[in-house]
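Visitor: Chain by chain, the residues:
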Amino acid sequence: MSIITKKITKLENIALNPAKAVAESCKETGKEAVGCFPIYTPEEIVYAGGFLPVGMWGGKKEFKESEAYLQGFCCSIIKTNVELGIRGAYNHLKAVIIPALCDTLKCIVENWKIAVPQVPSVAIVYPQNRWAAGSQEYLIAEYKRVRSELEKITGVLITETAIEQAYELYEEYRAVMREFTEVAAKYPQTIDAKKRHLIIKAGYYMDKAVYKEDVKCIIEELKKMPEEKAKGVKVVATGLIGEPIEVLDIFVENGITVVADDLAQESRQFRTVGRPEGTIWEKMAGRILDQRGCTFLAEQKKSRGDMLINMVKNTGAEAVVVMMMKFCDPEEFDYPVYKAQLEKEGIPILYLEVDQQMESFEQLRTRIQSFAEML
Amino acid sequence: MFLGIDIGSSSSKVAIVDENKNVVAAKVVNMGTGTNGADVAMQAALDEAGITLEDVKYIVATGYGRLKFDKADVQITEISCHAKGVQTLVPDADTIIDIGGQDAKVIRLAGGQVENFIMNEKCAAGTGRFLEVMSRVLNTDLKDLSALADQSTKALAISSVCTVFAESEVISSLAAGEALADVARGANFAIAKRVAGMCKRVGTGKKIVMTGGVALNDNMVRSMAAELGQEVTAVPHCQVVGAIGAAIFAHEKYHK
Chain A
0 MSIITKKITK LENIALNPAK AVAESCKETG KEAVGCFPIY TPEEIVYAGG
50 FLPVGMWGGK KEFKESEAYL QGFCCSIIKT NVELGIRGAY NHLKAVIIPA
100 LCDTLKCIVE NWKIAVPQVP SVAIVYPQNR WAAGSQEYLI AEYKRVRSEL
150 EKITGVLITE TAIEQAYELY EEYRAVMREF TEVAAKYPQT IDAKKRHLII
200 KAGYYMDKAV YKEDVKCIIE ELKKMPEEKA KGVKVVATGL IGEPIEVLDI
250 FVENGITVVA DDLAQESRQF RTVGRPEGTI WEKMAGRILD QRGCTFLAEQ
300 KKSRGDMLIN MVKNTGAEAV VVMMMKFCDP EEFDYPVYKA QLEKEGIPIL
350 YLEVDQQMES FEQLRTRIQS FAEML
Chain B
0 MFLGIDIGSS SSKVAIVDEN KNVVAAKVVN MGTGTNGADV AMQAALDEAG
50 ITLEDVKYIV ATGYGRLKFD KADVQITEIS CHAKGVQTLV PDADTIIDIG
100 GQDAKVIRLA GGQVENFIMN EKCAAGTGRF LEVMSRVLNT DLKDLSALAD
150 QSTKALAISS VCTVFAESEV ISSLAAGEAL ADVARGANFA IAKRVAGMCK
200 RVGTGKKIVM TGGVALNDNM VRSMAAELGQ EVTAVPHCQV VGAIGAAIFA
250 HEKYHK
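The listed protein sequences derive, respectively, from chains A and B.
0 is the number of the first residue of the first sequence in numbering that gives the first Met the number 0; add one for each residue after it.
0 is the number of the first residue of the second sequence in numbering that gives the first Met the number 0; add one for each residue after it.
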């Protein structure tokens with residue numbers, strides 16, 4: 000097996016088996032894990048405390064216990080997290096950090112304390128008026144409060160020096176991921192839609208110091224190979240996450256390649272470059288204040304449509320695929336705005352409504368195949 | 000000869016075209032995917048055309064059962080096949096409303112090609128299944144629902160978009176003494192409203208046509224037109240449009 004195949008297979012297995020992967024990462028590093036809810040959490044603070052930040056992006060679980068806290072129309076990612084929390088799947092976590100970035104998350108910040116009392120939680124509320132002068136000061140105060148609460152829960156002192164070191168590591172990880180998405184687009188056969196997603200996802204269950212080296216290795220190995228031609232349609236994906244995984248299988252079957260993304264679980268985590276100047280707190284706050292095109296962070300003028308149009312133009316993509324998680328209202332509210340902009344530019348849109356509990360994919364198969372036939 | 004088979008959720012449709020793309024046979028069997036409806040419909044169409052399977056040079060399968068039909072040379076989605084069928088039967092149509100047993104689709108055409116489309120979500124609201132449920136509640140044959148609705152004298156709104164809730168809403172209306180005809184018309188309008196919402200998302204053109212089994216319901220077609228404020232016509236042989244499209248694709252694929 001070649002080096003690149005080995006590395007890709009390793010990361011695919013990790014992404015497909017998060018619980019096992021986290022247990023192994025904890026064992027290898029001697030660290031304990033702290034859960035990080037979507038969409039944004041200050042992972043650097045967690046890492047600086049000597050803990051392993053672990054992404055909590057739901058999964059395919061039948062809802063039973065969580066029904067007591069969340070209605071049928073709530074986001075299935077958060078509902079799965081609550082379900083797993085109540086069932087005890089997160090009992091090994093030292094804590095979870097929950098950002099109040101949407102209505103469901105806002106409520107879970109409170110309900111978690113009752114539903115999953117055995118796993119301590121730390122809430123973080125991001126500023127929405129990011130253009131207001133006080134936003135940076137406020138966000139820094141929130142970060143410092145998160146640090147202090149984590150210190151109280153874990154009994155570990157988290158120094159600014161350690162946070163600076165963690166931030167440097169994370170900036171390097173983010174740069175590696177930006178390069179990966181650019182390079183992967185040139186190798187649509189080796190890095191198909193499913194592999195691309197799994198490689199990126201694996202990073203949420205590993206120590207970033209280890210993970211970034213694996214991704215660097217994949218990039219280097221790819222660069223040694225001649226560039227590949229896409230077999231079918233090249234698309235830009237937007238939305239929350241590129242799952243359920245079966246959807247990506249259908250993409251691959253129909254020759255649909257993701258050449259760039261605006262997914263919350265993928266590029267939104269690393270596309271914004273940190274500010275070079277300022278204190279560590281200002282740099283961390285800057286990453287949120289400077290983030291553009293994300294529905295969870297309000298903008299005075301929505302930039303997502305223009306951003307998607309540019310992504311399509313820059314990558315030579317032929318269409319945009321919307322992965323709409325039921326019933327994510329922030330994402331739903333953005334849709335009519337960027338849809339109109341994309342239509343004006345003549346960019347076709349494939350709208351896929353998904354949730355993590357889906358069992359039947361025939362309707363989606365028809366949509367995806369029809370879209371591929373249409374293009 | 001070239002054969003197209005459209006295996007839907009509640010019926011199987013087969014069309015056969017000759018070298019000149021003329022339809023020589025078209026059959027509908029009210030048994031859908033998972034049954035032997037596909038084979039029955041195919042045999043009936045072959046008999047009608049007076050040929051055997053050996054005379055068929057190419058087969059295209061479409062519909063939900065397309066991937067399970069092992070006699071097909073290739074599978075193409077019903078969206079592309081309906082567009083192809085309509086392009087042949089009504090060349091100037093630019094918008095297709097296809098309401099089948101388990102889903103509804105609105106397809107926009109440009110130059111005969113699919114330009115955009117929208118499908119309903121995994122839900123019976125706005126589909127033929129909704130009418131099936133309504134006809135059962137009204138103790139009427141599905142094919143008689145249109146004539147019953149024509150007798151309506153007042154507009155009765157069915158506000159629930161969910162088929163299950165709508166069923167209990169209709170039962171309540173009947174218990175309150177509402178006329179069967181008014182309920183039947185209300186059911187058609189409920190679908191029309193739901194599908195009109197889909198039309199808004201994808202936009203409608205100048206010439207709207209309806210395909211699929213629900214287009215057999217004349218009152219439904221008129222309800223659709225009233226809801227959209229535009230003329231809507233049912234494509235002739237509305238149930239087999241997808242199969243005809245598939246047969247034409249078979250012809251084109253063979254000669255490519």
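If you are wondering where the hints come from, they were derived from the structure by calculation, not from laboratory data.
Cβ coordinates follow ideal geometry from the N, Cα and C atoms, glycine included.
Take these hints with a grain of salt, some might be off.
[Claimed, not checked] Label pairs and their calculated CB-CB ranges: (1) B/Asp217 with A/Gly87: 31 to 41 Å; (2) B/Glu177 with A/Gly87: 20 to 30 Å; (3) B/Gly33 with A/Pro335: 30 to 40 Å; (4) B/Lys205 with A/Asn12: 50 to 60 Å.
Visitor: How does the Cβ-Cβ distance of B/Glu177 and A/Gly87 compare with 20 to 30 Å: does it lie in that range?
Guide: 53 Å, violated
Visitor: Against the range 30 to 40 Å, how does the distance between the Cβ atoms of B/Gly33 and A/Pro335 compare: consistent or not?
Guide: 38 Å, holds
Visitor: CB of B/Lys205 to CB of A/Asn12, is that within 50 to 60 Å?
Guide: Cβ of B/Lys205 to Cβ of A/Asn12: about 54 Å, so the range 50 to 60 Å holds.
Visitor: Per the hint of 31 to 41 Å, is the separation of the Cβ atoms of B/Asp217 and A/Gly87 within bounds?
Guide: Since the Cβ atoms of B/Asp217 and A/Gly87 sit about 59 Å apart, the hinted range of 31 to 41 Å is violated.
In this structure, the hints that do not hold are numbers 1 and 2, in rising order.
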